[in-house]
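Residue numbers (this note's numbering), protein chains in the order written: chain A, 1 to 427; chain B, 1 to 274.
Just so you know, these hints were derived from the structure itself, not from any lab.
Backbone N, C-alpha and C define an ideal beta-carbon position, used for all residues, glycine too.
Some clues are possibly wrong.
Partial list, derived from the structure: chain A residues whose beta carbon lies under 8 Å from chain B [unchecked claim]: (1) Glu172; (2) Ser176; (3) Lys180; (4) Ser182; (5) Asp291; (6) Tyr292; (7) Phe294; (8) His296; (9) Ile303.
The list that follows gives simulated cross-link-like pairs (lysine-lysine, DSBU-like), each with its CA atoms no further than 30 Å apart [claimed, not checked]: (10) Lys244/B - Lys318/A; (11) Lys171/B - Lys313/A; (12) Lys158/B - Lys197/A; (13) Lys29/B - Lys311/A; (14) Lys266/A - Lys244/B; (15) Lys180/A - Lys239/B; (16) Lys29/B - Lys148/A; (17) Lys148/A - Lys32/B; (18) Lys244/B - Lys235/A; (19) Lys161/B - Lys258/A; (20) Lys235/A - Lys29/B; (21) Lys29/B - Lys117/A; (22) Lys29/B - Lys314/A; (23) Lys235/A - Lys239/B; (24) Lys180/B - Lys180/A; (25) Lys158/B - Lys314/A; (26) Lys235/B - Lys180/A; (27) Lys32/B - Lys314/A; (28) Lys145/A - Lys32/B.
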Amino acid sequence: MNLISVCINHHTAPVDARESLFLQEEEIRNFIGEIKGRFLAEGLVISTCNRTEIYGLPSNHNINSQSIQNFLLQYKDRQTFNGEYFQHFFSRPAIEHLFSVAAGIDSLLIGDNQIFKQVKESIEISEETHFTGFLTRRIFDAAIKAGKRAISETEISEGAVTVSYAAVQLIEKILSALGKKSALVIGAGETGEIAAKHLVERGIGKLAITNRTNERAERLAQKLNGRVIPFTNFKDSLHEYDVVISATSADNLIITRKDIETVMRKRNNASLVLMDIAVPRDIDPATSGLDYVFYHDIDSLNIIVEQNLEKRKKEIPKVKAIIEEEINNFLNWYNSLEVAPTIKTLRDHFEAIRHEEVEKNVNKFSKEDREKLDIVTKRIINKILHYPTVELKKNNEINPSPDESAMRISIIRELFGIDKNEKEERK
Amino acid sequence: MYPFIDFLNNFLPFLYIITFGAYSFDFIKTGKRRFEFARLSLFTTLLLHLIYLFSRTAEFNHPPITNVFEIFTILAFSVCFSYFILELVTDIRGTGPFIIIISIIFQVISTLFIEDLAEVKEVLRSNLLGSHVFTALLGYSGITISAVYGFLYLILYKDIKLSRFGLVFNKLPSLEVLEKLSFYSAIIGFVLLTIAMTIGVIWLPKAFPDFSYSDPKLISSALVWILYGLGIISKVLGKWRGKKVVVLSIVGFILALMSTMLSNFVAQSFHSFY
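Turn these sequences into a full structure, and let the hints guide you.
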């Protein structure tokens with residue numbers, strides 16, 4: 001298996017280096033257009049904020065992963081780039097690396113679901129740009145299967161591993177039926193936006209956003225189907241919300257204990273969740289002393305994040321076992337695609353059928369005819385198999401691309417159900 | 001029949017302990033198969049317990065409500081049965097061990113001290129007494145479950161307030177769900193106690209010549225009833241919520257437990273059957 005890969009990722013390179021080689025979707029398509037045929041016959045390009053990785057089958061024997069790396073640097077105009085930032089894999093390690101990426105165990109946030117989606121999207125781009133072939137398609141399918149199994153069969157993606165998601169999970173531990181609850185997000189910056197998105201994903205009933213710059217709040221509210229409250233008087237309606245998430249860049253507290261005391265009186269002590277994910281903090285920590293007020297800041301949310309990351313780390317061996325299994329499945333299939341063993345298996349397969357039928361019907365023939373029956377049936381089988389055998393042997397002689405050769409053999413194996421029979425025999 | 005009843009009597013605590021173990025295992029290490037096994041174990045335990053109760057009734061020719069240890073085995077059954085229904089209806093997970101442990105306590109005491117009484121007072125064979133005791137026991141099961149959920153609410157409330165995100169935090173349902181479960185169980189318990197007390201007040205004076213309204217069991221039951229009534233009204237009117245309501249539920253349960261102990265072991269009254 002001559003799959004090669006060249007990778008730059010968060011293990012090997014600092015963020016600025018990764019950023020400089022990041023490829024937008026359109027760039028990936030163009031890049032594939034440049035390398036297809038010239039360097040790789042078929043392959044895959046994955047590019048996220050944490051990694052840019054290229055996998056593929058070389059289009060000729062002179063191409064190796066270094067050639068691809070050089071071309072990528074040339075393409076991004078980074079010829080002076082530090083070569084040590086790259087990892088190179090060949091054959092099984094390349095497959096193993098791709099599967100680990102898809103299963104999320106190579107991610108910065110272990111078990112990150114996002115990377116699985118990104119790998120799937122990258123494969124779709126390869127399909128759309130006709131950059132996939134018979135072999136790579138099979139590898140990518142196996143990678144997706146490994147990723148799916150890791151998510152469904154282990155707890156590698158369980159629990160919140162970001163502060164904003166931990167905040168939402170904690171809210172769900174306090175309140176039930178979020179669809180009947182209302183939330184206010186203070187601050188429409190990146191953190192506030194992510195928290196608001198998580199709330200919407202979890203089905204929050206009503207969402208309101210307030211921000212010092214009203215336009216920004218309006219943009220986010222429009223995106224998430226929420227409403228905007230003017231920042232100048234948001235405290236007047238604070239009691240209407242069951243959840244308040246604050247993520248502003250204010251230097252001082254914007255909500256005091258006194259504010260919350262007033263709110264709780266107006267709410268008749270109905271539970272209020274305050275999530276302060278701003279640094280420095282926006283909400284007075286003294287509010288945590290009030291009954292039915294659940295105040296949490298970034299430190300306490302980080303406890304949840306750390307615990308979940310620890311749990312995910314413990315799942316890595318299980319994911320590795322899945323990856324190992326999927327690699328073995330793939331390689332078993334791949335190794336079966338050799339000419340000589342295929343011819344032998346094909347002949348054995350037909351001989352078994354012939355033998356079974358002769359045995360079944362042998363009593364219908366006289367003793368003298370039985371030998372003839374054997375000879376005639378063998379001759380029929382030989383004639384049937386003559387052409388496929390010649391075609392298979394041609395495979396070695398004309399030396400087509402590995403992809404084409406594998407495809408031919410695979411079609412024959414599938415057509416005659418050889419793999420199926422072998423699997424049943426193994427069982 | 002006796003050996004079979006004795007066998008089940010001795011076997012039931014072990015069944016409850018196995019079920020408790022299965023639910024505890026699922027609590028610590030959640031898994032679909034573990035949960036299914038726990039549920040199956042609970043179902044089997046309840047089925048065998050039901051067979052035991054019917055066998056006793058048939059063998060001794062009276063429902064097992066004639067002494068406190070017979071009542072304890074019914075309580076063990078009804079607490080777990082109520083929980084089983086609750087689990088099926090709400091699909092709630094993570095609270096099983098806390099309920100089943102109550103049944104274990106009741107069943108172990110019952111198994112150790114229960115006697116095979118074939119001869120009981122004629123009054124104890126009455127159908128009205130059966131209805132009175134049956135509704136009262138289901139009512140007590142309701143308030144027992146309410147107290148357990150109330151207790152879990154308090155633990156989780158404290159854990160969340162103190163940012164302690166351990167096993168309890170990870171496995172229990174949300175605070176609001178625990179509060180609801182505690183409240184709804186209390187309502188069911190209150191309604192059934194109301195029925196039990198109504199039957200009692202109508203029937204008891206006729207059945208017992210020494211009946212007295214100053215009977216300690218009657219007074220303490222009335223107190224428990226008033227307490228739950230006040231709690232439920234306050235909650236419905238929105239005056240009380242959360243901690244206050246669950247604390248009231250726990251206090252009501254302790255009071256109910258003490259009143260049973262008091263009337264059966266300390267005070268001598270028509271309510272003492274043992």
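Hints versus structure:
Because the beta carbon of glutamate 172/A sits about 6 Å from the nearest beta carbon in chain B, less than 8 Å, this interface hint is met. Evaluation of the serine 176/A hint against chain B yields a held restraint, the C-beta minimum of about 4 Å falling below 8 Å. Contact between lysine 180/A and chain B, as hinted, is not supported at the beta carbon level, the nearest pair being about 10 Å apart and thus beyond 8 Å. The beta carbon of serine 182/A comes no nearer than 14 Å to any beta carbon in chain B, farther than 8 Å, and the hint placing it at the interface is violated.
For aspartate 291/A, the interface hint holds, since its Cβ comes within 8 Å of a Cβ in chain B; the closest pair sits about 7 Å apart. Of the supplied interface hints, the one on tyrosine 292/A holds, with its beta-carbon coming within about 6 Å of a beta-carbon of chain B, less than 8 Å. Annotation: phenylalanine 294/A was flagged as interfacial toward chain B, and the flag holds, the nearest CB pair being 6 Å apart, inside 8 Å. With a cut of 8 Å, the hint placing histidine 296/A at the interface with chain B holds, because the nearest CB-to-CB distance is about 7 Å.
A cut of 8 Å between beta carbons decides the hint on isoleucine 303/A: the least distance to chain B is about 6 Å, and the hint holds. Between the alpha carbons of lysine 244/B and lysine 318/A the distance comes to roughly 46 Å, so the proposed pair goes past 30 Å and is violated. For a cut-off of 30 Å, the pair hint linking lysine 171/B to lysine 313/A stands: about 20 Å separates their Cα positions. Proposed proximity of lysine 158/B and lysine 197/A is supported: the alpha carbons are some 29 Å apart, at most 30 Å.
Between lysine 29/B and lysine 311/A the alpha-carbon distance is near 12 Å, which keeps this suggested pair within the 30 Å criterion. At most 30 Å may separate the alpha-carbon atoms for a hinted pair to count; lysine 266/A and lysine 244/B meet this at roughly 18 Å. Only pairs whose Cα atoms come within 30 Å are accepted, and lysine 180/A paired with lysine 239/B is accepted, the gap being roughly 21 Å. Between lysine 29/B and lysine 148/A the CA atoms are separated by roughly 22 Å; this keeps the pair inside 30 Å, and the hint holds.
Between the alpha carbons of lysine 148/A and lysine 32/B the distance comes to roughly 18 Å, so the proposed pair stays at or under 30 Å and holds. Distance check on the hinted pair: lysine 244/B and lysine 235/A sit about 28 Å apart at the alpha-carbon level, within 30 Å; holds. At roughly 19 Å between alpha-carbon atoms, lysine 161/B and lysine 258/A fall within 30 Å of each other, so this suggested pair holds. Restraint check: the Cα-Cα separation between lysine 235/A and lysine 29/B comes to about 43 Å, which exceeds 30 Å; the hinted pair is violated.
Of the supplied pair hints, the one linking lysine 29/B and lysine 117/A holds, its CA atoms being roughly 29 Å apart against a limit of 30 Å. Of the pairs offered as hints, the one joining lysine 29/B and lysine 314/A holds, with about 14 Å between alpha carbons and a cut-off of 30 Å not exceeded. For the suggested pair lysine 235/A and lysine 239/B, the alpha carbons sit about 24 Å apart, so the restraint of at most 30 Å is met. Of the pairs offered as hints, the one joining lysine 180/B and lysine 180/A holds, with about 15 Å between alpha carbons and a cut-off of 30 Å not exceeded.
At most 30 Å may separate the alpha-carbon atoms for a hinted pair to count; lysine 158/B and lysine 314/A meet this at roughly 28 Å. Among the hinted pairs, lysine 235/B with lysine 180/A is consistent with the structure: their alpha-carbon atoms are about 19 Å apart, no more than 30 Å. Annotation: proposed proximity of lysine 32/B to lysine 314/A holds, straight-line Cα distance about 19 Å (limit 30 Å). For a cut-off of 30 Å, the pair hint linking lysine 145/A to lysine 32/B stands: about 22 Å separates their Cα positions.
Consistency note: the structure conflicts with the earlier hints numbered 3, 4, 10, 20.
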